[in-house]
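Chains as they are written, first to last, in my numbering: chain A, 1 to 249; chain B, 1 to 315.
Don't take each hint at face value.
EDC-like cross-link-like pairs, simulated, lysine to aspartate or glutamate; straight-line CA separation at most 16 Å [to be verified]:
#: 1; chain 1: B; residue 1: K55; chain 2: B; residue 2: E165
#: 2; chain 1: B; residue 1: K290; chain 2: A; residue 2: E228
#: 3; chain 1: A; residue 1: K247; chain 2: B; residue 2: E254
#: 4; chain 1: B; residue 1: K217; chain 2: B; residue 2: E308
#: 5; chain 1: B; residue 1: K142; chain 2: B; residue 2: E78
#: 6; chain 1: A; residue 1: K145; chain 2: B; residue 2: E182
#: 7; chain 1: B; residue 1: K175; chain 2: B; residue 2: D75
#: 8; chain 1: A; residue 1: K221; chain 2: A; residue 2: E27
#: 9; chain 1: B; residue 1: K179; chain 2: A; residue 2: E147
#: 10; chain 1: B; residue 1: K310; chain 2: A; residue 2: D236
#: 11; chain 1: A; residue 1: K134; chain 2: B; residue 2: E78
#: 12; chain 1: A; residue 1: K134; chain 2: B; residue 2: D283
#: 13; chain 1: B; residue 1: K179; chain 2: A; residue 2: E167
Computed Cβ-Cβ distance ranges for the label pairs, DEER-style [what the hints assert, rightly or not]:
#: 14; chain 1: B; residue 1: A313; chain 2: A; residue 2: S21; range: 50 to 56 Å
#: 15; chain 1: B; residue 1: M1; chain 2: A; residue 2: A203; range: 39 to 45 Å
#: 16; chain 1: A; residue 1: Y185; chain 2: B; residue 2: T176; range: 38 to 44 Å
#: 17; chain 1: A; residue 1: V218; chain 2: B; residue 2: T176; range: 26 to 32 Å
#: 18; chain 1: B; residue 1: S83; chain 2: A; residue 2: I54; range: 42 to 48 Å
#: 19; chain 1: B; residue 1: Q46; chain 2: A; residue 2: T169; range: 52 to 58 Å
#: 20; chain 1: A; residue 1: K2; chain 2: B; residue 2: T2; range: 42 to 48 Å
#: 21; chain 1: B; residue 1: A313; chain 2: A; residue 2: E245; range: 17 to 23 Å
#: 22; chain 1: B; residue 1: K137; chain 2: A; residue 2: F223; range: 15 to 21 Å
Bear in mind the hints are in silico, worked out from the structure with no lab data behind them. The structure displayed is predicted, hence computed values, not measured ones. Each residue gets a CB set at the ideal place from its N, CA and C atoms; glycine is no exception.
What follows is each chain in one-letter form.
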Amino acid sequence: MKVIVPVKRVVDSNIKPLVKSDGSGIEINGVKMSMNPFDETAVEEAVQLKEKNIVTEIIVISIGEIKCQDILRTAMAMGADRGILVTTDQAVESLSVAKILKHFVEKEKPDFVLMGKQASDDDMNATGQILAAKLGWAQGTFISKLELSEGKAKVTREIDDGQEILELTLPAVLTTDLRLNEPRYASLPNIMKARKKPLETVALTDLGIDLKNSLEIVSIKEFSSSRESIIVDSVDALLDKLKNEAKVI
Amino acid sequence: MTVLVLLSYEKGNYIRPITRSAITAATKLGDVHVLLAGKDLGDLAQKASALSGVKKVLIADHEAYAHMLAEPTADLIESLADSYDTIIVPANAEGKDILPRVAGLLDIQPVSDIVEIIDTNTFVRPIYAGSILATVKTHDNKKLLSVRGTAFAPTAEEGGSAEIEKLTHFSGSEKTLSKFCELKISQSDRPELESARVVISGGRGMQSSDNFVLIEKVADQLNAAIGASRAAVDAGFINNDCQVGQTGKIVAPELYIAVGISGAIQHLAGIKESKVIVAINKDPDAPIFKASNYGIVGDLFEILPQLEEKLGALK
Ligand SMILES: Cc1cc2nc3c(=O)[nH]c(=O)nc-3n(C[C@H](O)[C@H](O)[C@H](O)COP(=O)(O)OP(=O)(O)OC[C@H]3O[C@@H](n4cnc5c(N)ncnc54)[C@H](O)[C@@H]3O)c2cc1C
Ligand SMILES: Nc1ncnc2c1ncn2[C@@H]1O[C@H](COP(=O)(O)O)[C@@H](O)[C@H]1O
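Model the full structure from these sequences, guided by the hints.
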């Protein structure tokens, strides 16, 4: 089976994002950037399926500035076979990303697309479902377990009050919950090898896809906690506060 | 303006509180119609019609929607979309599965997880695990929104008397792209995490699943729901559906108690709207303290039993 795994380059999740001084966006100058953790999970799953000889080819795709090469190389060092970079300096929202991905799905004809359930920067949680709708494919979202067989994918989904198991007809779009697996670190030899794997770069403007952004960011601000952080020295003192000051017990 | 809200309910049982929050948000945008899709709906139609603020209940009673699978449900919503300026779902796993698929069908960029309505086109939503709040304006003429339950007070369960209309055209009902196999519900006698008045959560500091008994005993005293950090869930101390945070549940109780949880931004993302936050942690520098109203620095294995005993004595 052939799989496409879209990967997004985002501010590393261990870093607290800061708003630029002019309020125009998030400061990314000099900030550590990484592969979206949910996409790492998707790459890992694809690589494990390849190791089990269920998947034969893994194509990773990223849309963004030229530096997205880094994460495509990381994905290839983890085990993906080749990469496609669609370059653009503009921010692309979920609907546009889905349209771009659809273009490559139609070209490459994978058996399934495996992607993060959400990007850890915009937290939109939408691209996979939009793509599935546009392709008319089945969707399996927020999956924590995947079993593939001839023409079918059995998925366990993390839902509101437990888990749901579905059987999807392939081709399908699958989106990952973090507990699907524990992504590996690429070894040094594999990082070296990944440098030689094919990476195709194409400008978004050359794809001839009609895109518009419909979501305008009016303003952004940092969330600030206004809590007092009072440290008490005993359980009695805590209960006193909760009962008489906060009045919550 | 008319707004369609997709009802999220527990099968044969009750309408989830998060749906009532979504209705509150919808009333700020126009007349509210709700869509009740499913099979064997019992008295849910009556319950929906009684919800305060609802003008009309649309019922799609068909086998195809029995498990609210995204493919047929999205088709159903698409078939109704012409009559609505705005379509809203609760931002739970179900709503997040379905709404973007509707968006794909209608070629609209959805707006996920709104926490505030500025005007009919402008909304506030958290990004970067809630450390940033973005005000966004949509230029689509139809709006597709998912609503954070914790950000809007649930509408009253009584007081409404909406008209009920049974749909006869079941769009997407022939779709068989995915098949439901099994539901594994985690049974619990405790209040639901997302609507409990008190929540007590344990983190990696709990060390083992057995030690969660200490949390349970305190929860019993407070009639609290039990939550957990991702580290605790990943370590297998407790079920996945107890996870609170960016990728878990968003809670906003009157009182949230974090035990042995360091306070990573992804965890804080799920508890920010809580009225009062208490932290119990042995590390005085743990970030959770800065995000709390009250904290105790100390060993949870000493503090939890004391808390249980003293809460018992308070009664
Ligand atoms: C994309 C992404 C999404 C994520 N989503 C979530 C999410 O939804 N929810 C979530 O919770 N996390 C999430 N995480 C993980 C998050 O970053 C943290 O790793 C996690 O919250 C840590 O859990 P913890 O606080 O229990 O563990 P730790 O960070 O290990 O903290 C354990 C704490 O216990 C204290 N402790 C230890 N022993 C004792 C004792 N005897 N008495 C008192 N205190 C003690 C320690 O001082 C420490 O502060 C996500 C991460 C990523 C990258
Ligand atoms: N710029 C991008 N390049 C590649 N993949 C992306 C991009 N943006 C989003 N995705 C994919 O879509 C998923 C969901 O993103 P979102 O809907 O924005 O939360 C991510 O986990 C990625 O797999």
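Among the hints numbered above, which are violated by the structure, and what are their numbers in rising order? 12, 17 and 19
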